[in-house]
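Asks: One letter stands for each residue in the lines below.
Protein chains: 2
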Amino acid sequence: MVDTRKVYVLGIGATPIGEHWDESLRTLMTKAATSAIEDASIERKDVDAIFVGNMSSGPLQGQEHLGSLLATWLGIPGVAACKVEAACASGGAAFHQGFLGVASGVYDCVLVVGVEKMTDAITRDITAALIMADDQDYVAFTGVSFVGLNALVYKAYMDKYAVEQEDIALFAVHDHKQAVNNELAQYRRPVTLSAVMSSPLIADPIHLLECAPIGDGSASVVLCSEEFLKKYGGRDVLIEVSASIVATDKLSLYDRDDITTLSASVKASRKAYKIAKIEPKDVDVLEVHDAFTILGVIHLEDLGFARKGEGWRLLKDGELEIDGKIPTNTMGGLKARGHPVGATGVYQVFDVVKQLRGEAGKNQVDSPEVGVTQSVGGVGGTVVVNVFRRVR
Amino acid sequence: MVDTRKVYVLGIGATPIGEHWDESLRTLMTKAATSAIEDASIERKDVDAIFVGNMSSGPLQGQEHLGSLLATWLGIPGVAACKVEAACASGGAAFHQGFLGVASGVYDCVLVVGVEKMTDAITRDITAALIMADDQDYVAFTGVSFVGLNALVYKAYMDKYAVEQEDIALFAVHDHKQAVNNELAQYRRPVTLSAVMSSPLIADPIHLLECAPIGDGSASVVLCSEEFLKKYGGRDVLIEVSASIVATDKLSLYDRDDITTLSASVKASRKAYKIAKIEPKDVDVLEVHDAFTILGVIHLEDLGFARKGEGWRLLKDGELEIDGKIPTNTMGGLKARGHPVGATGVYQVFDVVKQLRGEAGKNQVDSPEVGVTQSVGGVGGTVVVNVFRRVR
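Sequence order for the protein chains is P and H. Counted the way this note's numbering counts, the first sequence spans residues 120 to 511. Counted the way this note's numbering counts, the second sequence spans residues 120 to 511.
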């Protein structure tokens, strides 16, 4: 790797996350993209390329070729476009491709859009679509669900580190508390720990309220080069993408030495920190991919914010709060903001950029300079870590 | 766009195309990738990132997350990886992403793999998967098939330019003739024009033998930077990727002013020629995405090798032959080499590189220096044009 061309976030946009019975895949992504383009104060024709992050439009909507579809609906056919998929990290992976596009010098201004439309499919089909993130021939064929796989991780973790479930389930309480002030969040109401612990078991030991919900939504980011920025002025506050790193791991749990850590998360974050010249202590705002409470805790450890087996302490000590040591999932995370799979990685960028710009409203962290997002595909088969820095 | 870092083709590999009842999606792509890595004389661990081009693994195999899956099966979990989709141009789009990866300076050595496994699904599911290349809500819901859409183009073209079908159907005869000497081709036997014209009608006026077949296969390319090349020596013959351009068009035919031309093909090729500093007359070997005979003819025109309405003359005059003005689809094209959808764009690169290296055996073009591949998604919703040059 050599020094690359600098990449900046010029605009962001997103739809609310929820059950959008009156929206389709295309209207959701068109709205988010339009909103990001307006936020960037550019015109649609300024966009050179579109990268759509999406996991399941084929199985759920019978629709592929989302790149050309979105170019058409944005009224800018002609631009380069494609869909990028890395299971639940599809949004993060699309962001990375957009980063490569600008960093390469091939594109000056790219639009990254994450989208997923899940609620208008039947539950059986959604469950089948989600397990496609793992190995069909060696794992999914057994009938295990994606929740089931994470339940194995949860049990192994509690067993290895002798941690109480209540201390892990707190992650859901944390996320719901943050989401109350996020007008785009799917669930804007607090939940108590006892409500989480008494909600139905989905896959032992995972309770319903420990799972990210199924929802529809789309988020978008406009990335650009320094040259483009000079031409278009840009806003007072400027956010640079200091690093964007993708790492993989063996796809399935059965194949790994230790299922209580995601090695892709460790690899991607260490590499990203090195390139961005930061350490965990420099991070002012963090977004982790807490599809289940246990993953939130494991991510805190793998990303270097706590020792193994101790991520839950940050939660319990209030260090993930807005005024804590490492404000995390400040707009509600996957659990409460929501988790429209392929869109989530881009929502994370949206939320961190809001914070770095000082536009996070009641949940604003005090003058953050460095933000990190972590997007996870499958049970850690792919992890994308991005580092953002406010440079003015 | 600024000048980018140079990108080279270091290795290529591919499986035979056919009905591989004894292979799966993963074994096909692992074989092709392994073969490209061996051809490049590098080790697996030298690969920084993997880009998998595939359209329908979700609907057909119930398998997404191909990036992590392939990294796992290659024994190099840790590398960056994702899947890239742009309908039938998925292979071309994945190649473009790999190009961006090296051009950006983020990666020094990337592996591009195209794969599709089609024959172990039932016909109804394959037909449903292919039409996902067009608009589900406005087009596919009518029940029209992908062949049906191309039949509309065929009729409009014959009507507009008063061309006889026999002159267009010749494309199938041409491809089959070339494939005889390609040991990886799905159909290594010649067909006569009368056999083509008397084969069953699939969608009037398209006959069975005017359609690219359904098949399984995987092709792979190793791309690298100049720095990487210096370190690894590389082979005597060296191929540079002079340009890699993606363009879109309005997704569906009903939305276009003229369905006898693919504007994305015109845009992508002109831009690619400009960047590569070539004109059509400089092209020594050409691969066009002839999913149907009519498309082969239209591509020749849109890419600048014939005037509109006259592409068929090149065929009839023998100018597409190995010793013609513009040797085209020299290893059998989509019709006879085969068309495992998401793999095709990479097979095209494989075939052109074989030619530029002088390794095309009985079908070798005399000392070619410049090769062009054109990969098409849907009925031209996406087009990828790549220019290759032998630089030593």
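For the record, the hints were derived by calculation from the structure and aren't laboratory data. Please read these numbers as outputs of a predicted model, since none were measured by experiment. Misleading hints may appear alongside valid ones.
Same chains, same names: a pair is fine if it fits in one copy or spans any two.
[Said to hold, decoys possible] Straight line, CA to CA, 30 Å or less: simulated DSBU-like cross-link-like pairs of lysine-lysine:
no. : residue 1 : residue 2
1   : Lys-396   : Lys-349
2   : Lys-296   : Lys-396
3   : Lys-427   : Lys-350
4   : Lys-274   : Lys-350
5   : Lys-125   : Lys-296
6   : Lys-350   : Lys-481
7   : Lys-349   : Lys-435
8   : Lys-393   : Lys-125
9   : Lys-396   : Lys-274
10  : Lys-164   : Lys-427
11  : Lys-274   : Lys-349
12  : Lys-164   : Lys-396
13  : Lys-393   : Lys-164
14  : Lys-481   : Lys-349
15  : Lys-390   : Lys-164
16  : Lys-125   : Lys-435
17  : Lys-435   : Lys-400
18  : Lys-164   : Lys-481
19  : Lys-396   : Lys-125
Asks: Look at each hint and say if it fits the structure.
Replies: Results of checking the hints against the structure:
| no. | hint | result |
| --- | --- | --- |
| 1 | Lys-396 to Lys-349 | both (25 Å within a copy, 28 Å between copies) |
| 2 | Lys-296 to Lys-396 | neither (32 Å within a copy, 58 Å between copies) |
| 3 | Lys-427 to Lys-350 | neither (47 Å within a copy, 39 Å between copies) |
| 4 | Lys-274 to Lys-350 | neither (54 Å within a copy, 47 Å between copies) |
| 5 | Lys-125 to Lys-296 | neither (36 Å within a copy, 50 Å between copies) |
| 6 | Lys-350 to Lys-481 | neither (34 Å within a copy, 54 Å between copies) |
| 7 | Lys-349 to Lys-435 | neither (46 Å within a copy, 53 Å between copies) |
| 8 | Lys-393 to Lys-125 | both (16 Å within a copy, 26 Å between copies) |
| 9 | Lys-396 to Lys-274 | neither (36 Å within a copy, 60 Å between copies) |
| 10 | Lys-164 to Lys-427 | between (48 Å within a copy, 28 Å between copies) |
| 11 | Lys-274 to Lys-349 | neither (53 Å within a copy, 50 Å between copies) |
| 12 | Lys-164 to Lys-396 | between (35 Å within a copy, 25 Å between copies) |
| 13 | Lys-393 to Lys-164 | between (36 Å within a copy, 21 Å between copies) |
| 14 | Lys-481 to Lys-349 | neither (32 Å within a copy, 55 Å between copies) |
| 15 | Lys-390 to Lys-164 | between (35 Å within a copy, 17 Å between copies) |
| 16 | Lys-125 to Lys-435 | neither (38 Å within a copy, 51 Å between copies) |
| 17 | Lys-435 to Lys-400 | within (19 Å within a copy, 70 Å between copies) |
| 18 | Lys-164 to Lys-481 | neither (35 Å within a copy, 47 Å between copies) |
| 19 | Lys-396 to Lys-125 | both (15 Å within a copy, 27 Å between copies) |
Of the hints listed earlier, those the structure fails to meet are numbers 2, 3, 4, 5, 6, 7, 9, 11, 14, 16 and 18, in rising order.
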